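**Student:** Here is how the chains run, residue by residue.
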Amino acid sequence: MGLASAESDRMQRGRAPADRSKLTSPIMIALSFAVLLAAWHFAAVTWPSRSLPGPLPVFQTFLRETASGDLPYHLGMTLWRVAASFVLAMVIGSVIGVFLGSFRRADQFFNPWLILFLNIPALVVIVLAYIWFGLNEVAAIGAVAVNKIPNVIVTMREGTRALDPRYAEMAAVYRFGPLDRLRHILLPQLQPYIAAASRSGIALIWKIVLVVELLGRSNGVGFEINLFFQLFDVAAILAYALAFVAVMLFIELLLVQPLERSSTRWRRRAA
Amino acid sequence: MNAHQLAGAAARLKVNIEEKSFRTSDGGTIEVLRDLNFEVGENEFACVLGPSGCGKTTMLRILLGLDREFRGSVQLPGKVEARMGAVFQEPLLLPWRTVEQNVRLALPTHLRDTSLDQLFASLGLAKMRGFYPSELSLGLARRAAIARALAIEPDILLLDEPFVSLDASTAQQLRHLLLGVWSDRPTTALMVTHNLQEAIMLSDRIVVLSDRPTHVLGTFDIRLPRNYRNEQVNADLLRAFREKFAGIRTEP
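Quick note, the sequences are listed as chains C and R, same order. For the first sequence, the residue numbers in the numbering used here are 1 to 271. For the second sequence, the residue numbers in the numbering used here are 1 to 252.
Simulated from the structure, these hints should not be mistaken for lab results. Predicted model only: the values in this text are computed from it and were never measured. Incorrect hints may appear among the rest.
To be verified - To give an idea of the chain R side of the interface with chain C (calculated C-beta under 7 Å), a few residues:
id	residue
1	Leu66
2	Val80
3	Ala86
4	Leu92
5	Leu105
6	Tyr132
7	Leu238
8	Ala240
Unchecked claim - Some but not every residue of chain C turned toward chain R, in silico, with C-beta under 7 Å:
id	residue
9	Glu169
10	Met170
11	Tyr174
12	Pro178
13	Arg183
14	His184
15	Leu187
16	Trp266
Heads up, the beta-carbon is just placed ideally off N, CA and C, and yes, glycines get one too.
Based on the provided sequences and hints, a complete structural model is requested.
**Tutor:** Right, dumping it as structure tokens:
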């Protein structure tokens, strides 16, 4: 009864201001995860099997791997690869996207290339990168970036087409320098597109990084998952995968969202 | 065939546009400006008056260097490169920067750290420095745009109907504010308008333009200092103007 009334109370409060409804309440998130954990536990108890360990054994494996230092090390390696290929893909993709968005001729010429790259499977790029450049870090990170770059190009090209030329003219009249134009004219207008590209980017990149690690690296979460697959250690597979998902969620909550809020604060304070 | 020359010592604005036309979407051409020649003296406030759609904004874009597809020449005042203060029809403030940031960004490097207190105070913007443009009314946004144009200590001030779509009293208040800050540091100014009374109130010289293709019909000089002008004088000037340019479409 008490829970039900608290629940309805929260729902009413959540609905009132439009601003708050965007941020999912932490209690709702906790409750949602609790239900998922319970369902998992229930399934594991009902059908006991080595291939479906319950939450508790997975958590114990997580603690053991963390204590031995293996999990933080492999997590760190994967995280660094995600970060490196993310930065690489965003910078290269944005530059090419802004270029194609600004020059229609170039866009017409390069568009078929873009469609080609958009449709090459990630696996093919990874395998070719390893064959051509060897089983090394550069090939791994490069292959992940190449998989993401076409998506960034498409998004940033749209953003560039939507630029308001009047701001560029104002900047020309007042003789803004190249750096000021980038910081105060171009980037603020592209911000929603950059945010969209980064969001879908992080989600895509970390999944591809695992494949790259599985195929040609000797560390990282992907390598470990392959190892535990051969040992048929499902608890360890889940422990590594969930630990990394948790890290990505924290990055989203503690880094991406606050950054987005601060860069769009001028929108919210409309008169 | 066009040239943006610099005046050197003579701080005059000389406009000699022989021809400017636009290509239409069906392949034809529309001639907008034809033999448009006039001058504005040093520290003179001139108004360009003409019917709507006659190409006033096109002329201003040529002066601003935003449109270089024309035949003729334009000579701007200024020593090396004319510093232009522009107030566009829309305020065109960057919505993601505060009022003060918008003004400071336009400043040339040697003025970057200058104090803007006096300018903001005289335009009544002292309390709005930290506001974002979306928090300002149109009148206040126009003031911020005027502040930006004057803060750079321009060699020439170019204004494109800066008082349109404001209610009469706000527009009048803004005209007084503009005159106030302009008089503190006079500079060669050219304002495009289709409001005759506004032109009479503000300018030393009115350049009257024709319909398309636009050329100068004549000029109307007002040598009386602004502080001697009052409603009676302005009414007389208005009558004199109407006699000289009988049959010109102008707003009342």
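**Student:** Starting from the hint list further up, note which numbers the structure goes against and sort them upward.
**Tutor:** Result: hints 2, 7, 8, 12, 13, 15 break, sorted rising.
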